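Undergrad: Let's have the full structure, built from the sequences with the hints guiding it.
Spelled out from the first residue to the last, the chains are:
Protein chains: 2
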Amino acid sequence: MTQASDAARAYSRANGERFLDELKEMLRIPSLSGDPAHAGDIRRMAQWLETHLAGLGLDRVEIMETAGHPVVYGEWLGAGPSKPTLLVYGHYDVVPAELADGWQSDPFEPVVKDGKIYARGATDDKGQLFVHVKALESYLKTAGAAPVNLKLLLEGEEEVSSPNLKPFIVEHLELLRADVAVISDTSMRSIEEPAILHSLRGMTYIEIEVHGPRDDLHSGLWGGAVHNPAQALAEILARMFNADHSIAVPGFYDDVVPLTPEERAMIAKTDLTPEQYMASTGVPAVWGDAAFNIRERISARPTLDVNGLWSGWSGPGPKTIVPAKAGCKLSCRLVGNQDPHKIFELLKAYIESLTPPTVTVEVRLLTTGKPALFPFDSPAMQAAARAYVAGWGAQPLFTRGGGSIPVVADIADLMGIPVVLMGFGLDDDGLHSPNERYSIEMFQRGIETTIVYLEELAQM
Amino acid sequence: MTQASDAARAYSRANGERFLDELKEMLRIPSLSGDPAHAGDIRRMAQWLETHLAGLGLDRVEIMETAGHPVVYGEWLGAGPSKPTLLVYGHYDVVPAELADGWQSDPFEPVVKDGKIYARGATDDKGQLFVHVKALESYLKTAGAAPVNLKLLLEGEEEVSSPNLKPFIVEHLELLRADVAVISDTSMRSIEEPAILHSLRGMTYIEIEVHGPRDDLHSGLWGGAVHNPAQALAEILARMFNADHSIAVPGFYDDVVPLTPEERAMIAKTDLTPEQYMASTGVPAVWGDAAFNIRERISARPTLDVNGLWSGWSGPGPKTIVPAKAGCKLSCRLVGNQDPHKIFELLKAYIESLTPPTVTVEVRLLTTGKPALFPFDSPAMQAAARAYVAGWGAQPLFTRGGGSIPVVADIADLMGIPVVLMGFGLDDDGLHSPNERYSIEMFQRGIETTIVYLEELAQM
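Residue numbers (the numbering used here), protein chains in the order written: chain A, 15 to 474; chain B, 15 to 474.
Just so you know, these hints were derived from the structure itself, not from any lab.
Careful, some of the hints might be misleading.
One copy or two, either will do: identical chains are not told apart, so a pair holds if it fits within one copy or between any two.
[Claimed, not checked] In silico lysine-lysine, DSS-like type, Cα no more than 27 Å apart, as pairs: (1) 283 - 356; (2) 97 - 356; (3) 283 - 38; (4) 38 - 127; (5) 155 - 356; (6) 97 - 362; (7) 356 - 333; (8) 38 - 155; (9) 38 - 362; (10) 333 - 180; (11) 356 - 127; (12) 180 - 356; (13) 155 - 97; (14) 362 - 333.
From a predicted model like this one, the values you see are computed outputs, not experimental measurements.
TA: As structure tokens, this is what we get:
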């Protein structure tokens, strides 16, 4: 570590109280992106960030309009063209929160208790995006310069699926150009076990509808000679898995990048016991492809799940009909290098091949998301690993996230750069739930780790 | 045929216009059993029947109270103890009808058009129960006596599932004692093809619920190691049928009375072509157990149908969950001599045997109904057949009804007598629909056939 990063880290510690006060200011703004009534608060939040970033001495700070809520863009390019440029992505919008939902205090009036700050957005993502802002400040207010160039892309629509982010990136590719991107919007199991995500799952989400008779039929007058559509749907779904719980769709696994022995050894360190999995979910027994351990199944392997079912009568009591149709929602979580559209075609062809002539089937694509998989031996990833050792005080694990953050694949695809997911949250931060919280120690360690990371990146 | 029945038939023809006017009086009373606001109309209808029957010279006419709407009971026992006694069951209540539902005229102001009388209850069941009243009148006003003793049991709750009929029968077994019962509350395909039902299907109606995780799970964080309850339910349902579309529940067919070659030959006469079945239902192809023809499958064989399905998210768009549970309604139509409670136990045991340890299952009984099967070579049935030849002018077919009329099994079981289902309606009378109608020719032929039937019964 250099003197510059040591000074920056000391500054961040010395100013920890003020940083927290500033974070509280952010948390007091109810920047709900999904509620038109809060459009003014979203705008106020963007303006707060603009003012705040401008005060830190960035070269350029701008509220940039989109078809929806604006992007706050900031850049500091003082490291010069010989140094790498880091793109920081974060989001300043939040999901709704009401005291009545079970909050112990006003969700938009932050309270500090037992080393945690309680407020909507504390961990998701105001606290985590602020880590990067404060790391940059710590350099600019000490050495007067950061080791690398920085570009901040802070959006206000993440909680409503970022409908305008991809067009924004496409339109501003040149402005956003960078060597690596970093996102802090995820979490780790415990403070002692920092983790860098190097993969997220993608998605193909479909709707299947099986049609039989024109209308619901009286089961007494017609039952026995009609292929019940709910029955037919069940028969199709029952063939989605092989006996070993692998997915039966032909070609489904063709493009899956195999797990290396090295990665499997790393994943094994974070595996869950069946008892842990059962305790967390409440299931009576663990299920799935026995060729893979539980952690692999829920993060590194593709999945297929029925998300919803409907047909005929579901109210109280009996109704003696043969339903006219039956439907389901079905989605696959995908891993590198599965293509969501190719998977849709495979699913559709398989479902159609399973459909007997006694019913008709409709397979509709609802949504897709690309998986993201970054090699963890790349310079940007290894720089992050070193930063954790020095800044956090622990060797991080490279792990795979089972969920999907579409922006990750978008940045990787559109900009052609790796995305490093340095999640500074904790798994039990309660994001999207009542009493969302963020550990002040995580906040402080996140800032220091980021300070070191910028330095490590400079030597990349 | 005797002089007595000839005279009675002549009387019924001569008084046809008046009979129709009286039927219109009945149809003007909106005796909706399901709507408390019409309780007064139900009472008015019962009183109208009481007054009318008393005017015909019955020995006894009485409005008898139940826990719900009253029974109108009438008897004429003048044939004496050496002659058989016939119990006539009918119902004077109707389902709702509103002009706005698509009626071309006020549903409670009967209109005659093209030989049909249009009104709610015209065929179901005021017109058909009146057939028996007018047949009796035709004897009493000519010969002064009928060939057999008659008991009329007219209830006011059939359209709300007859909650008080079974207790009423149990309480009044001695009063109602008879040798045979007749019910006219069903229909035939065309006026040229009279039919006597000798069987109705029973029912076992269950609800299945499969439980997996405690709550809905995030499919990205947990998917891959949990047996999705909707998937598990589909896998269970997919095993309800064998490859030949017979029902796979062990023991399901054990108590089914085999169809005789004689009955199969009779059923073949009313079989539907696949094209007819497809046109009526709109299905793309016929389905079912190929060992039986279509008519057998929909009326003489037991069935199993999913009546409803539910799980997780069924609203618009995607929701990426593993649902906590999945459920379905499932019912079997049963035939003689299947026992609905035994079938429930078989279903439950089979479903539980199919349930893997990765989920839990709950199988709940919702409702049961016994099947009814009467040999068509019994004296009462053969008397009815002869009555159609003489009174209707065509040889009737003995057919099986695919639906369920619980009172039939109740009368048969509690009173130990056969029930003859002489349906004088037409399949396209539109019962329970707008513009319900009853053919005046069917009404007249029904009266004459019943007149002959009473005479045939006397010689039984």
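Undergrad: Are the hints correct? Go through all of them and say.
TA: Structure-based check of each hint:
1. 283 - 356: Classified as neither; 33 Å inside a copy, 53 Å across copies.
2. 97 - 356: neither (39 Å within a copy, 80 Å between copies)
3. 283 - 38: Classified as neither: same-chain Cα gap 36 Å, cross-chain 83 Å, threshold 27 Å.
4. 38 - 127: For residue 38 and residue 127, the Cα distance is within 27 Å only inside one copy (13 Å; across copies 80 Å).
5. 155 - 356: neither (50 Å within a copy, 82 Å between copies)
6. 97 - 362: The answer is neither: 48 Å in one copy and 70 Å across copies each exceed 27 Å.
7. 356 - 333: between (41 Å within a copy, 21 Å between copies)
8. 38 - 155: Within one copy only: 21 Å inside, 98 Å across.
9. 38 - 362: Neither way: residue 38 and residue 362 sit 49 Å apart in one copy and 58 Å across, limit 27 Å.
10. 333 - 180: between (48 Å within a copy, 21 Å between copies)
11. 356 - 127: neither (49 Å within a copy, 61 Å between copies)
12. 180 - 356: For residue 180 and residue 356, the Cα distance is within 27 Å only inside one copy (21 Å; across copies 61 Å).
13. 155 - 97: within (20 Å within a copy, 115 Å between copies)
14. 362 - 333: This pair counts as between: shortest inter-copy Cα distance 20 Å, intra-copy 32 Å.
The structure shown violates the earlier hints numbered 1, 2, 3, 5, 6, 9, 11.
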